[in-house]
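Single-letter residue listing:
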Amino acid sequence: MAQPDSENNNTTLSEAVKIIVDKVISLENSHLHQERPQIVNDVLSIVKGAIIVENT
Amino acid sequence: MKILKFKLNNYRSFYKETPWFFASTDDKKNVTVIHCENGVGKTTLLNALIWALYEVLTEDLQEPEQLANKRSLREAKIGEEIECYVELFFEHLMRKYRLKRTVTVKKLDSKEYVYGNTEVIMQFSGDNGRWTDIKDYSDEIGRILPKQLHNYFFFNGERIEWIQRPINKKEFIQAISLIVGDETYTRAIRHLNGAKKKLDEELANIGDAETKYLYKEKKELEEKLQEIEKRIGDNDKNLDGYRKQEKAFSELLISVGGEVSSLEEERQNLINSLKSIDNSLTDNRKILTNYLSDKGYLIFSPNAFTKFLDLIKDLRASGTIPQPYKSSFVKKILDEHICICGRPLIKGEKPYAEVETWLNRASMSEYEDLALKMEGVFEESVREIPNTFNEISRAQKARVELLKRKFKVEEKIYEIGNKLKGSDVERARELESELQKIRSIIEDTIFRQGEETKDANLTKIAINKKEREIEEREAKSAREKNIKLQIKACRLAVNETEKRRDSLKKENRKDLEMRINKIFNNISFKPYNVFMADDYSLSLESIDGTVGKSTSESQVLSLSFIGALMEQAKEYTAKTELIGLDSSIYPMVIDSAFGNLGEAYQKKVAEFTPTLSSQSIILVSKTQWNENIEKIMRPYVGKEYVISYFTPKNDATEINIQINGITYDLVKRSPVENDYMEINEVIIRG
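Quick mapping for you: the protein sequence lines, in order, are chains A and B.
Under the working numbering, the letters of the first sequence match residues 1 to 56, in that order.
Under the working numbering, the letters of the second sequence match residues 1 to 686, in that order.
For the record, the hints were derived by calculation from the structure and aren't laboratory data.
Incorrect hints may have been included.
[Claimed, not checked] Derived CB-CB ranges, DEER-like:
#: 1; chain 1: B; residue 1: Asp-133; chain 2: A; residue 2: Ser-45; range: 44 to 54 Å
#: 2; chain 1: A; residue 1: Ser-45; chain 2: B; residue 2: Gly-598; range: 52 to 62 Å
#: 3; chain 1: A; residue 1: Ser-45; chain 2: B; residue 2: Pro-64; range: 43 to 53 Å
#: 4; chain 1: B; residue 1: Arg-405; chain 2: A; residue 2: Ser-45; range: 51 to 61 Å
#: 5; chain 1: A; residue 1: Ser-45; chain 2: B; residue 2: Asn-390; range: 51 to 61 Å
#: 6; chain 1: A; residue 1: Ser-45; chain 2: B; residue 2: Ile-442; range: 39 to 49 Å
#: 7; chain 1: B; residue 1: Glu-229; chain 2: A; residue 2: Ser-45; range: 19 to 29 Å
In this text, all values refer to a predicted model and were calculated from it rather than measured experimentally.
Ideal Cβ positions, reconstructed from N, Cα and C, are used throughout, including at glycine.
Modelling step: build the complete structure from the supplied sequences, incorporating the hints.
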């Protein structure tokens, strides 16, 4: 589960999007040769993590 | 991945168990050569490795269903089972692997045999040296060397031109995407959309009745889209199959001989010309569209331009413009209360009021500046109008010419079809009739595909509209607001990922084309440039335009493509620290590496082969391993084998090869009534 970084407390939506994309790409790279069904849940965790940061 | 050793048992032409073939693992002497005459077992060895890893065979393998050795089957008793297997040891990321794929064949009677299921044992050697079984062997192999990429590592050099004419273009492009890295982005987009869908569902469960209803409608549309996309996918698969059949019928027509062959060959050339004309028409349309979107307004604007320029001319003639003073200058005089003639300017008195009227007039100077600037721009535009007309007319003329050529070619294709339909040769008539049927099916499928694609696009637009409607609704709770934000972030993340993927693709394609050019020009002695189209097809261009490719050039072009792709993949994996493709180590197994090449190209390809990958296994006949190649490759050969074939035919021509002063038999008359093979390792000197 992706956790928000404490230093990103004032992340704007566009910054959050960049963080999401970077994290998702890195996740995909590490599973490039095996597509796991649960990967969508990991992506969802990344999105939720980043947006929680934006809202706090 | 580095191959360590492999052996075959009752596999195709190899009777009983072969000794181990050890592959060279030396970094400098990285080439393993296996000498074997044509028809004896070169292609079988290539296929044995592919079969062991992926349970597939190359398309050029004759009688692919006959995996077990015929002599072993003949000698087996009725009811007896024989084992046919390939065993392979390899190393990957410091770990040793053992892979053995076996199929058991039962002899039912003297002519009938039944094949059982294949069994696979895959193990790795742990730190304690013990071998541990790997259950999901196919996943493990996929991680080490993905199945869809195997064609780039194990191939027949003589038939390598397939790279420029892949049967399944989608699969081919996907494989390239995986190698050069943009597949990562495609998957990220798919999974982000998956996450968005989950968030949509979450929102639908907490939204109000109207929002819920909108979500229901959106879900229905999405399901409809899914069905359409499935149909599109099925159509694509069917099209691939139909095209294979079309190709097979065409080849059969060519094999009929005589006039029928010439007609079919002519038709194939015409079909290729038609494709090239269609490409030119697409390019022409792009040129016209660009002209019309960039300069099209000029055609409709000459009257407005002339009217404006006349107006400016009149204003200039009447002295209304340019104004003699700028507003800042008049303001300064008023602030200093002294006129340029030295008279004092006192507010409320007449001289002050007179100078103040200039301020109002001078404040129009900004508009005046703008009008003068526009005058320059409009004059330039008026001059450009005839050029634009000429360019558009030139592009349109070219379009008309292309359409005329297209019509003529289509007419000729139609005539050939008619000739073949009415041919005196019954077989030709039958084949043409089948070919016409399959072409009609292909046309129908393409038409259906167009309709489905249109429907898919309309559904996507409807989904977007529904999404906007949902978005427009106010958030009913903090949670709803939060999820909405997450959905928005998902959508923006998809856009951002698409942007990154497109820019990476562009960059990679440019880089790949440059690398192909570099390798091709290093090997080729002709001053050609390689051009790579959107679908990765390659053409050669001289200063006079596109040139036809010789067989050698096609082969070199494909090798350059593989070399460039691997070079790019190496750099990409090193950059992203991907663990899938080990950053620089992979084997390359090439059957008939120098087969169809002319002498000059053979030498260059021989120089290039050891650098193509970190481990090469090349399978060659005597004619494919000539003196020139031997001289160039010898310093890189770390392991070498000769497969000797002993034939019972008394009149067979014996063939042998001299290696390091020792004579090795390639074909020899057998002292017994059966044919058999012997495998000898060559002693490498130095």
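The hints, checked one at a time:
1. Asp-133/B to Ser-45/A: 44 to 54 Å: Roughly 33 Å apart at Cβ, these two residues miss the hinted range, so it is violated.
2. Ser-45/A to Gly-598/B: 52 to 62 Å: Given about 59 Å between the Cβ atoms, the range holds.
3. Ser-45/A to Pro-64/B: 43 to 53 Å: holds (46 Å)
4. Arg-405/B to Ser-45/A: 51 to 61 Å: holds (58 Å)
5. Ser-45/A to Asn-390/B: 51 to 61 Å: For Ser-45/A and Asn-390/B the Cβ distance comes to about 60 Å; the hint holds.
6. Ser-45/A to Ile-442/B: 39 to 49 Å: At roughly 46 Å between Cβ atoms, Ile-442/B and Ser-45/A fall inside 39 to 49 Å, so the hint holds.
7. Glu-229/B to Ser-45/A: 19 to 29 Å: holds (27 Å)
Of the numbered hints listed earlier, the single one contradicted by the structure is hint 1.
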